[in-house]
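Enquirer: Each chain is listed here by its residues.
Protein chains: 6
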Amino acid sequence: MPLVELHVLEGYNPEEKQKLGTALTNAVRFVVPAAPELVTVLIHDIPADNYYRGGEQRIPAPARADPVEIVKDYLTAMEDRDLEKARAMLGGGFTMTFPGTAPMHSLEELIEWSKPRYKFVTKTYEGFDAMQGSGAAAIVYCRGTLQGEYHDRRRFGGIRFIDRFEITDGKITKQEVWNDMAEVKTNA
Amino acid sequence: MPLVELHVLEGYNPEEKQKLGTALTNAVRFVVPAAPELVTVLIHDIPADNYYRGGEQRIPAPARADPVEIVKDYLTAMEDRDLEKARAMLGGGFTMTFPGTAPMHSLEELIEWSKPRYKFVTKTYEGFDAMQGSGAAAIVYCRGTLQGEYHDRRRFGGIRFIDRFEITDGKITKQEVWNDMAEVKTNA
Amino acid sequence: MPLVELHVLEGYNPEEKQKLGTALTNAVRFVVPAAPELVTVLIHDIPADNYYRGGEQRIPAPARADPVEIVKDYLTAMEDRDLEKARAMLGGGFTMTFPGTAPMHSLEELIEWSKPRYKFVTKTYEGFDAMQGSGAAAIVYCRGTLQGEYHDRRRFGGIRFIDRFEITDGKITKQEVWNDMAEVKTNA
Amino acid sequence: MPLVELHVLEGYNPEEKQKLGTALTNAVRFVVPAAPELVTVLIHDIPADNYYRGGEQRIPAPARADPVEIVKDYLTAMEDRDLEKARAMLGGGFTMTFPGTAPMHSLEELIEWSKPRYKFVTKTYEGFDAMQGSGAAAIVYCRGTLQGEYHDRRRFGGIRFIDRFEITDGKITKQEVWNDMAEVKTNA
Amino acid sequence: MPLVELHVLEGYNPEEKQKLGTALTNAVRFVVPAAPELVTVLIHDIPADNYYRGGEQRIPAPARADPVEIVKDYLTAMEDRDLEKARAMLGGGFTMTFPGTAPMHSLEELIEWSKPRYKFVTKTYEGFDAMQGSGAAAIVYCRGTLQGEYHDRRRFGGIRFIDRFEITDGKITKQEVWNDMAEVKTNA
Amino acid sequence: MPLVELHVLEGYNPEEKQKLGTALTNAVRFVVPAAPELVTVLIHDIPADNYYRGGEQRIPAPARADPVEIVKDYLTAMEDRDLEKARAMLGGGFTMTFPGTAPMHSLEELIEWSKPRYKFVTKTYEGFDAMQGSGAAAIVYCRGTLQGEYHDRRRFGGIRFIDRFEITDGKITKQEVWNDMAEVKTNA
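Residue numbers (full-length UniProt numbering), protein chains in the order written: chain A, 1 to 188; chain B, 1 to 188; chain C, 1 to 188; chain D, 1 to 188; chain E, 1 to 188; chain F, 1 to 188.
Hints in this document: simulated from the structure, not taken from any laboratory.
Quantities reported herein were computed from a predicted structural model and do not represent experimental measurements.
Check before you lean on any hint, since a few could be wrong.
Heads up, the list lumps identical chains together, so a pair's fine if it works in one copy or across two of them.
Straight line, CA to CA, 30 Å or less: simulated DSS-like cross-link-like pairs of lysine-lysine [said to hold, decoys possible]:
1. Lys171 / Lys115
2. Lys123 / Lys174
3. Lys72 / Lys85
4. Lys119 / Lys185
Required output: the full structure, derived from the provided sequences and hints.
Expert: Dropping the structure here:
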C-alpha cells in the first residue's frame, strides 16, 4: 500500500512499462510519504478485443518517444554543429532564450549570438529531471557544466549551466538556458 | 483508457486527492500519448479495518506537505530577511550553490556573499515545476525574474533566474541558483 | 461468474442501482448462457473527490427518467384526452404512425384520424420491453389489448395491439402502433 | 466513467466480445445519461485454471447463438416454405399468434390460416431490436413491410408489420405478429 | 505482492475482518513463500444496494461464531461439569472418541468412562490450530497438558493431550482425544 | 459472493493454483458462512514486466513444496527405516516428542526409544489437516491407526495415533506424536 493498478491497451514494451512503473510510483510518493518498496504498481494489459469505449474498439497509440532522449540527441547535434539534424527536432513556434537574449526563433540566431562569445563549447551532464506537464508539453531539465575555448584560445571549464526544454508531440518547442559564463568571465 | 486505480488508506483530503489525480494523470501521459480527457483516475479509500499487510492493520501516514508551498514559504522568508524562519525550513546536510560560489552550508554565508552585490532583491515568479525524484527527495524548480537595487541606488529588474530545490521529509536539503545578473551587469 | 463490476460516480439511488443491476445482468446473459443466479453485479460508488478525468473532477449526471414510466404516463394522458400533458412529453421531430396512416406530427392529427373510428379506446397492458438503443434513443415496447366503443355504441375488446416508442433525452420522439382493429372489424 | 469491468471465463471470440461490449454499454446508458464515448467496458478473460467456485474449476459455456440470427434464419425458411428447417428451430411449447388468430401450435396451422389470405408474402426488414429478458427467454423484435400477391393476382406491398419472438436455449418458443394487412384491404 | 482483494457484503465487524485478513494471508502463504509483510489483503465492503446476483439483492449472512471460542467454551463447561451447557453445544450426529474407547454419542457415556479413571481433570492449553475444512466442518485442534487427581488422591500433571474437534453450523459434531495418561500410569 | 481476487506474479502451475483456490475459499468460509459454491476465487497472473514494487521489477518465488507431501515422504522414509533420507528432511532445531518422552533432537534417539517397544510399526492414514500458521511454519496434522509387531511376536493394529508437524522453509522442524499404544497395552 499504496497500490496503483494501470489498465492500458496491450502493446507497450518492457522498457515503456518500466517508465510507467517509475512514473506512477513517484506520482504517488509526491503526495503519500510511503517508503518506495511499499508502493506497488500493477499493469493490466488489455487486448484490443477486450476494450470498448462507446461500444467501439480503440487502437492503442504507440508510446511517446522518451523526452530525455530527445533532449540528449538535440544537445549532441548542437555540439556537433549538425544544424540540419537539430532543426528537424524543433516544433512549430519554437523559441529559445539564452542569458541576456530575447527569445530567438531559429538556430541561426543562436549561432550568430554565440559567435563572439566562444569558439566552441561542450557539456558535461550532471543530471536530468523530466516530467509531463498538465498541458501538452513534457518538461525536461538538464544541468551540468560547460567547457570549451574562447576566441583568445583560453580554455574554460566547470561553468554551471541548466537548460529547460518543453517537448510537445515529440518536438522541442521551447528551450531556456541559464549559466554562470558571465559571472565567471567577470571574476576572471 | 488508460485507467488508473489507486488504493490508499482512507484519510487523504480532497486537496491531496486532487494532487494525486493530477500527478497520476501526468505520470501516465509521460509515456502514453492519450488526450488528457481520456485518462481516468479512480481513488479507492481503504478504511484501516479493511487493509492488512502481513495480517496486520497499518496506520495511514499523513500526506506530505506540498513541496511547492515549502519553497514559496522559504523564498518569502528570505525576501523578508526572516532568517530564523528560513533556517527552520532547512534539513540536515543542506547546501546551496549560487552563481560563482562553491556550495555554502548556512544562510549566513549567503548573506555575506550577497552583501557586496545588491542592497535587496525580490522575485517575480513565472512558473514552478515539481516532481518526486526516484530517491528520497522531491524536486522543485522555480523560475522568473529578479528585481531590486544595487548599492549605488540603481534599480534593476527583469533579470531571469531559476532555482532548483530538493526537499526531503519536508525540509529543504539543497538549493541551486542560476541567473543572468552577471550577464546583465557586464552588458550594462 | 460471470462477474460485472460497475464503477460510477456516487449519487444513484437504490431503485436506480436495481435497474442497473438488472440491465447489466441481462446484458451479460444476452451472450453468455449462465444461469441468472451465477451472474454477479458489483457497483462501486465513486465519490466525486475520488474520480478524475483529465486530472479534473466531474459532476455525476442525474439518472435518466425510466423510459417505461414515461410511456405509461403518456398513454394514460392520451386515454384521459389530456392533450396538454401528453404534448409536453413529446420531443422535437416527433412522429407517430398508426395502422394505415402516414407519419403524423401532432396529436391533433391523431385525434382527427381516430374520430371516425371509435368513440373511445382504453388499453389493457400485457407487458413492456425496454432497452437502450445504440443511438441516443431508448426503445420501449408496450403490448396488450384494446377495448372501447364504436360510434354505433357497439363495444369492442380484446383487440391485440403493440406500440413501439423511442425516447430521447426524456422525451418521446417516435411512436409506432400496430393492432388488429381492422382485422376484427373485417371479420365482425 | 462509467466503467464496466466484466470477468468471464476465457473462450469468447472477438465477435462475441463485441456483442458483450455493446450490450453492457447500452445497459449502463439505459440508466446513466453518459455520452456513449465516455462509457468504457473492459473484459477480463479468466483462464479456467485461474477461476474457482466452491474451490472447483468450472468449464466455460459456449456463447449463446445470436437470437437475431436465429430469427432471420427462421423468417427466411418460412419465406422459402422450408417447413422442415423452420420446424427444427422451434422449442417445446411453441405458440404463434397472428392477426385475428388464437395461439397456434404448429406451422401447419399457420399455413392453413394463411392459404385463403394470400398466395405468397415476403418481408422487407426495417430494423431489429433484441434483448435478454429477465426470464429465460431472449426477446427479438423484427419490423418492416410485407409485399406479395393475393389469390386474384393483385400485388400488394408496403404493408407495415412487426413480429415479437421469444428465444429460449436457442429455440423459438413464441412468435406474435401484428400487421396492417386487414387495414389495407379494408381501405383498398 | 501477492495481493488479495476480498469483496463481501457490508456488515462484518473489525474483529471479523481481522480474522479474514489473517486467514487470507495464511492461505496465500500456504503456497506462495512470500514474507508475511509483503502479503496484502484489501477488503471491499459492498453495500447490499450495490450487489446483485441473478439481478437480485442478497442479504449478508452474519459471520460464523469463532470455532476456537466454541471449543474453549465447551471445554470450560466440561471442566465445570456443566453438562447442560456442554450438551447444548453439540450438533446432530455428535461422536466422541477417547483413548481406548469406541465412538461415544453422549456426554453421559463419557462421564461413565472417565469415572474409574480419575476424580477430576483440568487442562492447561499450549496452543490451538483452527481451519475451515473443504466440507461443512471447521476443524479445531487444542493441545496442552492435563492435571488432576486420581481416586487414590494422588495428583497428576503435565500429561500431554491433543483434541481434534469438528464444528458444523456452530455446533460441535465430532471430538477426538489423544493423551499420554496410560503411558504415564504405566511408567509410574 | 464473497469474491476473492488474488494478484500474483505469473509462474504458478495449475496444481499450485488449485491449492490457492482451495485455501482462499476455505479462508473465507472460516468466517463467512457462505455455501462453498458461492465463494469465487479469481487469480490474476501478473507478468514480471507488469509488476513494480518501489519502481523495480521483482522475481516470482517458486511455490512452496506441499507440506503434506513432505510429511508423507518423511513418514514413508521412517517406516522404511531410511534414516538418511528422513534426516535430510529435518530442519535446524528439529525436536520430536513421543508419548512419555522429553523432546528428542535426533532420529537416533527415537530409534533407541522405540527399540524396546515394538519390532516394527506401520501407519494407516485416516486424514491430513494442513494450514499455514501465522509464524514461519506450516502445520500438518496426520491421523490414523498403527499396526505392527511387538518383540514377543504378537501383532497389534488399529491403534489410534495423531502426529503434528511444523514445516519451515520446506524442512520439518517439529514433530509431536500422540497414540493409544500404552492404553491398548494396559487393557490387553
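Enquirer: Now tell me if each hint is right for this structure.
Expert: Evaluation of the provided hints:
Within a single copy, Lys171 and Lys115 get their C-alpha atoms as close as 26 Å, which meets the 30 Å cut-off; across copies the closest is 43 Å, which misses it. In this assembly of identical chains, the alpha carbons of Lys123 and Lys174 lie at most 30 Å apart whether taken from the same copy (19 Å) or from different copies (22 Å). When the C-alpha separation of Lys72 and Lys85 is checked against a cutoff of 30 Å, the pair qualifies only within one copy, where the shortest distance is 13 Å, while the shortest distance between copies is 40 Å. Within a single copy, Lys119 and Lys185 get their C-alpha atoms as close as 15 Å, and across copies as close as 23 Å, so both meet the 30 Å cut-off.
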